[in-house]
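Trainee: These are the residues of each chain, in order.
There are 2 protein chains.
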Amino acid sequence: MSLMKSWVASANDANHPFPLNNLPYGVFSTDGTDPRCGVAIGDMILDMEAVEGEGLVQLADYPLFDVPFWNEMMEQGPAVWAALRDRLTALLADGSAEKAKVEPFLVAAADVELHLPMVVAEYTDFYAGMQHAKNMGAILRGSPDLPANWLHIPIGYNGRASSVVVSGTAIHRPNGQTKAPDADMPSFGPTKRLDIELEMGAIVGTGSEFGQPITVDEADAMIFGYVLLNDWSARDIQGWEYQPLGPFQGKAFGTSISPWIVTAAALESFRAPTPPREKELLPYLNGSKDGLYDIELEVLMQPEGAATATSVSKTNYNRMYYSAAEQLCHHAIGGCEMTTGDLLGSGTISGADRSEYGSLMELSWAGREPFTLDTGETRGFIEDGDTLTLRGNARGDGFTIGFGDCTGKILPAVTWPAKD
Amino acid sequence: MSLMKSWVASANDANHPFPLNNLPYGVFSTDGTDPRCGVAIGDMILDMEAVEGEGLVQLADYPLFDVPFWNEMMEQGPAVWAALRDRLTALLADGSAEKAKVEPFLVAAADVELHLPMVVAEYTDFYAGMQHAKNMGAILRGSPDLPANWLHIPIGYNGRASSVVVSGTAIHRPNGQTKAPDADMPSFGPTKRLDIELEMGAIVGTGSEFGQPITVDEADAMIFGYVLLNDWSARDIQGWEYQPLGPFQGKAFGTSISPWIVTAAALESFRAPTPPREKELLPYLNGSKDGLYDIELEVLMQPEGAATATSVSKTNYNRMYYSAAEQLCHHAIGGCEMTTGDLLGSGTISGADRSEYGSLMELSWAGREPFTLDTGETRGFIEDGDTLTLRGNARGDGFTIGFGDCTGKILPAVTWPAKD
Numbered sequence: 001m002s003l004m005k006s007w008v009a010s011a012n013d014a015n016h017p018f019p020l021n022n023l024p025y026g027v028f029s030t031d032g033t034d035p036r037c038g039v040a041i042g043d044m045i046l047d048m049e050a051v052e053g054e055g056l057v058q059l060a061d062y063p064l065f066d067v068p069f070w071n072e073m074m075e076q077g078p079a080v081w082a083a084l085r086d087r088l089t090a091l092l093a094d095g096s097a098e099k100a101k102v103e104p105f106l107v108a109a110a111d112v113e114l115h116l117p118m119v120v121a122e123y124t125d126f127y128a129g130m131q132h133a134k135n136m137g138a139i140l141r142g143s144p145d146l147p148a149n150w151l152h153i154p155i156g157y158n159g160r161a162s163s164v165v166v167s168g169t170a171i172h173r174p175n176g177q178t179k180a181p182d183a184d185m186p187s188f189g190p191t192k193r194l195d196i197e198l199e200m201g202a203i204v205g206t207g208s209e210f211g212q213p214i215t216v217d218e219a220d221a222m223i224f225g226y227v228l229l230n231d232w233s234a235r236d237i238q239g240w241e242y243q244p245l246g247p248f249q250g251k252a253f254g255t256s257i258s259p260w261i262v263t264a265a266a267l268e269s270f271r272a273p274t275p276p277r278e279k280e281l282l283p284y285l286n287g288s289k290d291g292l293y294d295i296e297l298e299v300l301m302q303p304e305g306a307a308t309a310t311s312v313s314k315t316n317y318n319r320m321y322y323s324a325a326e327q328l329c330h331h332a333i334g335g336c337e338m339t340t341g342d343l344l345g346s347g348t349i350s351g352a353d354r355s356e357y358g359s360l361m362e363l364s365w366a367g368r369e370p371f372t373l374d375t376g377e378t379r380g381f382i383e384d385g386d387t388l389t390l391r392g393n394a395r396g397d398g399f400t401i402g403f404g405d406c407t408g409k410i411l412p413a414v415t416w417p418a419k420d
Numbered sequence: 001m002s003l004m005k006s007w008v009a010s011a012n013d014a015n016h017p018f019p020l021n022n023l024p025y026g027v028f029s030t031d032g033t034d035p036r037c038g039v040a041i042g043d044m045i046l047d048m049e050a051v052e053g054e055g056l057v058q059l060a061d062y063p064l065f066d067v068p069f070w071n072e073m074m075e076q077g078p079a080v081w082a083a084l085r086d087r088l089t090a091l092l093a094d095g096s097a098e099k100a101k102v103e104p105f106l107v108a109a110a111d112v113e114l115h116l117p118m119v120v121a122e123y124t125d126f127y128a129g130m131q132h133a134k135n136m137g138a139i140l141r142g143s144p145d146l147p148a149n150w151l152h153i154p155i156g157y158n159g160r161a162s163s164v165v166v167s168g169t170a171i172h173r174p175n176g177q178t179k180a181p182d183a184d185m186p187s188f189g190p191t192k193r194l195d196i197e198l199e200m201g202a203i204v205g206t207g208s209e210f211g212q213p214i215t216v217d218e219a220d221a222m223i224f225g226y227v228l229l230n231d232w233s234a235r236d237i238q239g240w241e242y243q244p245l246g247p248f249q250g251k252a253f254g255t256s257i258s259p260w261i262v263t264a265a266a267l268e269s270f271r272a273p274t275p276p277r278e279k280e281l282l283p284y285l286n287g288s289k290d291g292l293y294d295i296e297l298e299v300l301m302q303p304e305g306a307a308t309a310t311s312v313s314k315t316n317y318n319r320m321y322y323s324a325a326e327q328l329c330h331h332a333i334g335g336c337e338m339t340t341g342d343l344l345g346s347g348t349i350s351g352a353d354r355s356e357y358g359s360l361m362e363l364s365w366a367g368r369e370p371f372t373l374d375t376g377e378t379r380g381f382i383e384d385g386d387t388l389t390l391r392g393n394a395r396g397d398g399f400t401i402g403f404g405d406c407t408g409k410i411l412p413a414v415t416w417p418a419k420d
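The listed protein sequences correspond, in order, to chains A and B.
Counting in full-length UniProt numbering, the first sequence runs without a single skipped number right up to 420 at its last residue.
Counting in full-length UniProt numbering, the second sequence runs without a single skipped number right up to 420 at its last residue.
Hints may contain errors.
Copies of the same chain are indistinguishable here, so a pair counts whether it falls within one copy or spans any two.
[Unchecked claim] DSSO-like, lysine-lysine: derived pairs with alpha carbons at most 30 Å apart:
#, residue 1, residue 2
1, Lys-192, Lys-409
2, Lys-279, Lys-179
3, Lys-409, Lys-314
4, Lys-179, Lys-409
5, Lys-289, Lys-314
6, Lys-192, Lys-279
7, Lys-5, Lys-289
8, Lys-179, Lys-289
9, Lys-5, Lys-134
10, Lys-289, Lys-409
Hints are computed from structural coordinates only; laboratory data are not their basis.
What you are looking at is a predicted structure, and each value in this text was computed from that prediction instead of being measured.
From just these sequences and the hints, can you work out the full model?
Mentor: This is the structure in structure tokens:
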């Protein structure tokens with residue numbers, strides 16, 4: 001596939017994240033207007049409420065786009081998803097006869113505020129990166145051996161949907177319980193080991209039925225699109241709490257996602273296979289499609305007041321062992337009902353080399369080997385005022401499918417108990 | 001407190017679960033009508049949509065009760081909760097001048113279908129019963145020693161909100177991955193160790209702010225009410241999957257709750273203290289009120305075709321180590337936003353004697369010591385066709401605050417992969 005040209009000139013740059021090939025879906029507002037659905041095209045955003053109101057797009061008997069979430073559109077299912085993409089492509093393509101009708105409904109991206117693109121129904125976080133799992137084993141347990149079930153189960157745990165915020169939302173360093181290995185008793189206070197996890201988030205577009213499993217291929221067809229996802233983690237809180245029932249407050253204070261849903265349709269030509277299975281999977285986990293995607297990922301870190309951000313990691317989503325479709329299939333295999341708007345975190349994406357690790361825990365080897373930023377400062381974990389950014393791009397022939405930055409700044413912990 | 005008499009005669013029986021002292025909130029429908037809010041009084045249900053429509057209850061500028069959930073009412077906050085309870089008490093009390101106006105809006109409970117009383121925003125399950133934690137340690141790890149963090153943290157994990165169903169909903173035995181200790185590879189199929197967990201569910205009425213912690217006393221005031229909760233569990237699936245990130249598919253196929261929200265106000269006179277702390281809690285976990293309640297609990301089991309159910313366990317909610325308010329405080333301590341409609345499972349409630357254990361895993365000691373039902377059949381775990389019922393009652397002076405049964409029948413596993 002090569003670049004599809006648009007009459008929105010900025011969309012035709014080979015490095016622009018939002019060409020006509022992409023058409024990602026978000027929710028935006030301008031000064032004094034309510035949040036509503038929009039589509040990014042080059043440096044502009046197409047106001048879908050207005051376009052629908054004018055009858056230029058009509059997919060249902062009732063409005064789908066005058067709301068601050070894409071859930072209603074997602075519920076329509078794959079045939080309508082394809083119809084919308086076809087229609088938008090026709091409206092925005094170079095030479096479109098409808099350019100004059102559409103152009104008034106473009107808003108400059110520079111002038112808008114972006115919001116969460118969907119109501120997050122439920123949030124599940126997985127653990128599907130083998131290098132990450134080996135690194136965490138080596139750091140925490142002294143051995144890179146994988147857990148006994150890791151090669152058989154796409155391990156996941158339920159996260160907290162209310163923790164999910166849109167890129168740009170500041171996050172307070174969380175308070176919580178921690179216990180030093182040599183201490184008798186735990187203590188309370190701000191985490192000293194604040195970290196990120198570089199992940200992709202898969203968004204469930206159509207649900208499944210209570211009590212009924214789904215196949216991997218059915219799961220693949222249910223996924224509407226993807227976002228970048230930063231699973232902020234407090235390693236010391238997590239370390240003290242997670243046995244025996246898993247992560248809880250160490251993960252509950254914030255989960256940032258990029259503002260645009262990049263559709264599975266836009267990523268179709270970037271599909272990539274999962275690696276050879278080191279142990280044969282049970283048959284229910286086999287699907288017919290390549291379930292990963294070739295998406296270049298980068299982590300940047302910028303201290304308060306620094307002029308520029310330092311790139312601290314570069315990796316690729318194709319490094320994962322399990323795909324989102326396999327994870328979604330496993331999620332429903334016992335009859336768990338999946339819902340429009342469910343968000344599935346891939347698990348931390350780490351490649352083989354340290355330069356490809358997707359968390360500071362791994363990049364600084366638990367703080368024992370701090371890394372140096374362009375400013376000359378060193379970091380083991382995140383300090384107050386640091387801004388962390390995830391970036392993702394799939395590179396085509398003369399075009400880029402970008403995700404838009406997933407960024408968040410860390411504020412100091414709140415004072416607790418509050419002083420009156 | 002003694003019985004408050006109602007002009008609904010059936011409500012005045014000392015053993016009836018729904019006297020005027022109770023006034024639990026549910027969602028009901030009759031043949032051909034939409035689900036809407038109702039209040040149980042004796043053998044009748046007060047149609048709140050109709051009562052509000054007639055102007056007999058008016059708490060907001062817009063209708064609160066014409067919807068199939070109590071979330072909008074809960075969002076109004078404690079002052080409105082108290083106003084509703086006062087108003088309903090006045091309308092339904094013996095001698096009420098408004099009896100004639102209200103009586104037409106009573107529906108016989110025998111004629112209705114009950115639905116989930118609220119939209120479950122998110123579901124969290126805790127592990128706050130000490131006897132249960134010791135039993136599980138002894139059964140699974142050969143030692144009743146508590147996990148190192150257990151006496152410091154009200155341990156919890158995020159569950160799956162979509163798994164929550166109203167009492168009476170049948171549950172399919174789930175399929176999933178299990179691995180026998182001596183097997184090389186896992187296998188796939190229906191769970192062989194299907195179990196219940198006897199719990200109370202606390203319902204969050206008003207939420208908290210993203211990034212901001214709450215105190216135990218604030219948490220106590222945020223809890224709208226309680227239900228009985230059966231955390232159906234597949235022990236073999238759970239055993240293979242739960243390390244290192246906690247329970248997932250072993251708990252995702254169904255969570256049954258009783259249909260009536262018994263308000264914290266109705267339970268106020270049954271408050272009970274948590275037991276003496278074996279280790280001092282960190283200050284943030286201290287509150288000023290007794291956080292448990294004296295609620296008698298019972299588990300009944302009835303095989304397919306049996307004439308009666310066998311009582312297999314009797315215990316009390318006052319056996320727990322941590323209260324719902326302590327759990328809710330801990331849940332938000334790192335800044336996790338809590339939301340109207342969040343459901344917090346207490347953890348399995350087991351008393352000191354085996355007759356008080358709250359799961360079949362404990363009652364049959366992992367199936368090694370099956371128990372005998374009144375029919376003469378024995379059980380280690382649940383068999384297809386068995387119906388399990390939880391029952392809960394707080395006993396006052398001449399009155400009972402009942403919850404209504406929390407029941408569920410187990411259907412055979414679905415055939416998977418599906419046969420065409």
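Trainee: Each of the hints needs a verdict: does it hold here or not?
Mentor: Against the structure, the hints:
1. Lys-192 to Lys-409: within (16 Å within a copy, 48 Å between copies)
2. Lys-279 to Lys-179: Intra 37 Å, inter 14 Å, cutoff 30 Å: inter-copy only.
3. Lys-409 to Lys-314: within (20 Å within a copy, 52 Å between copies)
4. Lys-179 to Lys-409: For Lys-179 and Lys-409, the Cα distance is within 30 Å only inside one copy (26 Å; across copies 44 Å).
5. Lys-289 to Lys-314: For Lys-289 and Lys-314, the Cα distance is within 30 Å only inside one copy (26 Å; across copies 52 Å).
6. Lys-192 to Lys-279: between (38 Å within a copy, 25 Å between copies)
7. Lys-5 to Lys-289: within (29 Å within a copy, 67 Å between copies)
8. Lys-179 to Lys-289: between (45 Å within a copy, 28 Å between copies)
9. Lys-5 to Lys-134: neither (44 Å within a copy, 66 Å between copies)
10. Lys-289 to Lys-409: The answer is neither: 38 Å in one copy and 38 Å across copies each exceed 30 Å.
Hints 9 and 10, counting from the list given before, are not met by this structure.
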